[in-house]
Amino acid sequence: MSVHVSADGAVGTLTLDAPPLNLLSDALRAALLDALADFRARRLRAVILTGRGRAFCAGADLRDEAKLTAEQVQAFLDADEAVFGALAEFPGATIAAVHGYAYGGGFELALACDIRVAGRAARFAGVGVKLGLTVSTARLARLAGEGVALDLLLTGRAVDADEALALGLVSAVADDVQAEARRVADVVASRAPLSVQANKVGLRHCARLPLAEAVTYERGEWARLQRTRDHREAVKAFFAKRAPEFTGE
Amino acid sequence: MGDNAHTRWWTDGPVGTIVLDNPPMNVLSDENRRGIREALAEFRDAGARAVVLTGAGERAFCGGADLKEEEELTAETVGKFLKAGDETFRALREYDRPIVAAVNGWAMGGGLVLALWCDVRVGSTRAKLGAVGVKVGLMASNVQLSRLLFESRARDLLLTGRTVEAEEAHRLGLLSSVVAPEALMGEATAWARDIAARPPDLVAALKRAVNTALDPIAAPSRR
Amino acid sequence: MEIVEVAGIRVALVAGACVGPDFERALEVDLRIAGDGARFSTAGVADPVACGVRLARLLGEARAKELILAGRAIDAPGALRLGLVTRVVPESALGDTARALTEQLRALPPLALAAVRDAVRAVRDLTPEAALGREHAHFRRLIATQDHKAAVAAFFERRETAFTGK
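Same order as they appear, the protein sequences are chains A, B and C.
Numbering (the working numbering) for the first sequence: 551 to 799.
Numbering (the working numbering) for the second sequence: 83 to 305.
Numbering (the working numbering) for the third sequence: 29 to 194.
Hints are computed from structural coordinates only; laboratory data are not their basis.
It is possible that some hints are incorrect.
[Stated by the list, open to error] Per label pair, the in silico range of CB-to-CB distance:
| # | chain 1 | residue 1 | chain 2 | residue 2 | range |
| --- | --- | --- | --- | --- | --- |
| 1 | A | Arg-754 | C | Arg-168 | 23 to 29 Å |
| 2 | C | Asp-153 | A | Leu-583 | 27 to 33 Å |
| 3 | C | Arg-168 | B | Arg-253 | 35 to 41 Å |
| 4 | A | Arg-792 | C | Arg-67 | 51 to 57 Å |
| 5 | C | Gly-44 | A | Asp-736 | 55 to 61 Å |
| 6 | C | Gly-72 | B | Gly-161 | 25 to 31 Å |
| 7 | B | Pro-282 | A | Asp-710 | 24 to 30 Å |
[What the hints assert, rightly or not] Computed footprint of chain C on chain B, listed as stretches where at least three residues anywhere in the stretch have a Cβ under 8 Å from a Cβ of chain C:
| # | segment |
| --- | --- |
| 8 | 218-232 |
| 9 | 273-279 |
| 10 | 284-294 |
Note that CB positions come from ideal geometry on N, CA and C, so glycine has one too.
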């Protein structure tokens, strides 16, 4: 078994379990894609991605990578992108709970999630350059800025949890990273699902637009959401001083 | 110098000040939206070189939209409601002198949007910021946060809708400084005076340049 | 401030004041490391508007405006908070840090260093999809290089290797 899949209420959990380092393999990618499709069909509102053992994920298996022919390289990249894309397009939030090594493709996997929380022993490194490759440049520069991306990706150096927090790579550092990830997942799961999804889509879409067009798009989304049942429920709940019950309608 | 039912404004030397005063939470009223626009127009005529925007009291900077007003919107009136908000936000963004938000308490929903359209934000230790769109089934401050911060921090705040307290807001870059509540107006005015002391044309050009610096400039991939 | 260049990568080592032309030069390099006594200010830069644009791209809009509108000076911890530098070390350790970093860069495959630099610096001019396309184009080219093969062989044999730039 390479991925343990479980769901509790509206929160799904994917646990990489391919000892010793949870390397990305075809089997593991396929299991992640299947589970995300299943979570999506079950309308789960948040997904936690984590790993067993000492690694979150240490990236691709270099033995697989060494066998690639020139024609197969893009397909190899696309196989990873399919997983990253499924995380990006998941309607709810995806949360990486990083307790150990997140190196190379494993670092990228964490970056492909919406939110990252780190345990005290977490270590992040974009090691592609050490192998003579370019990895994580596009995602990291958008997520944490050009300065941070150049520092980490030109040196391949590892950063610990506290530095990851200071550099904006993770949102929180916790002694019990699984509990913290679950707390964040429960928060997102309690929010209006259409709003969560609209924010994810909006961030992707507006990255391509000049400011004025982006603002127009956002206001259009506000007007669309303003007509939803969940928004009316939120207003009713506010005046009744109770918690809203969202249905995603 | 002027006022209306929910807004007061005046100038002191080169610095104009606007106070939103709609207790208890300073929810954004039509008077506020109009007051901000009128104040900025007066400040321009008076030659103000920087502006401070704050909320009255210690509880809220601005609590965002009035849910009662917003609840009553119909398909016909929603466009007008959005337009009134946008005109005020655009006035802040396009005003050619920098605006310092003195975040004295809650800035949530449309109140956060208002603070984020300012150029510099300083906070008191009571400042609390929340992008609460996901809590009320709406979407706001998505475009602003992804440009003001980078996407990692923006995503966290937007998807959780969580409350960010003053110290964390400072670490994240949402507040430029945090001081005791009684020192807040002094701090905001000091920022405004530092800005006002610089050549106004230069400051205007800097504001404009940074506002558009993150627009994507290249055509899509040529693949 | 000293700027060192290794394999086409420029590193600014900031000790003491970094103002005016020094500040502008610091923004153009790839890596910025400060001693704990460093101070930064945009005062006296030759082209403040270009500086503002560059800062927005490096730090995001909020931090760029914080730094450039009031023109206030900031210390080393402040620069780290803003992301203007990515590391702060004791001023007495700046030389050692620089030597370790230049050795580290010199030991890395030069083609990959140039490609990473190019890919990261292009991100803000491109849509996310186009930026990923550029990264992948570099990857497809680099995976066929001798240096990549040497790096993989060295990894499995748990030894160091020297790169040739081929």
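Status of the hints after comparison with the structure:
Against the hinted window of 23 to 29 Å, the Cβ-Cβ separation of Arg-754 of chain A and Arg-168 of chain C comes to about 24 Å, which satisfies the hint. Against the hinted window of 27 to 33 Å, the Cβ-Cβ separation of Asp-153 of chain C and Leu-583 of chain A comes to about 32 Å, which satisfies the hint. At about 39 Å, the beta-carbon gap between Arg-168 of chain C and Arg-253 of chain B stays in the expected band of 35 to 41 Å. Distance hint check: the CB atoms of Arg-792 of chain A and Arg-67 of chain C are about 53 Å apart, consistent with the given range 51 to 57 Å.
Range check, Gly-44 of chain C to Asp-736 of chain A: Cβ separation about 49 Å, and the 55 to 61 Å hint is violated. Between Gly-72 of chain C and Gly-161 of chain B, the C-beta spacing of about 49 Å breaks the proposed range 25 to 31 Å. Between Pro-282 of chain B and Asp-710 of chain A the beta carbons are some 46 Å apart, a value that contradicts the proposed interval 24 to 30 Å. With 4 residues carrying a beta carbon less than 8 Å from a beta carbon of chain C, the segment 218-232 of chain B meets the three-residue requirement, and the given coverage holds.
Beta-carbon proximity to chain C at under 8 Å applies to 3 residues in the segment 273-279 of chain B; the threshold of 3 is reached and the given coverage holds. Check result for the segment 284-294 of chain B against chain C: holds, 8 residues qualifying (beta carbon to beta carbon below 8 Å, three or more required).
Of the hints listed earlier, those the structure fails to meet are numbers 5, 6 and 7, in rising order.
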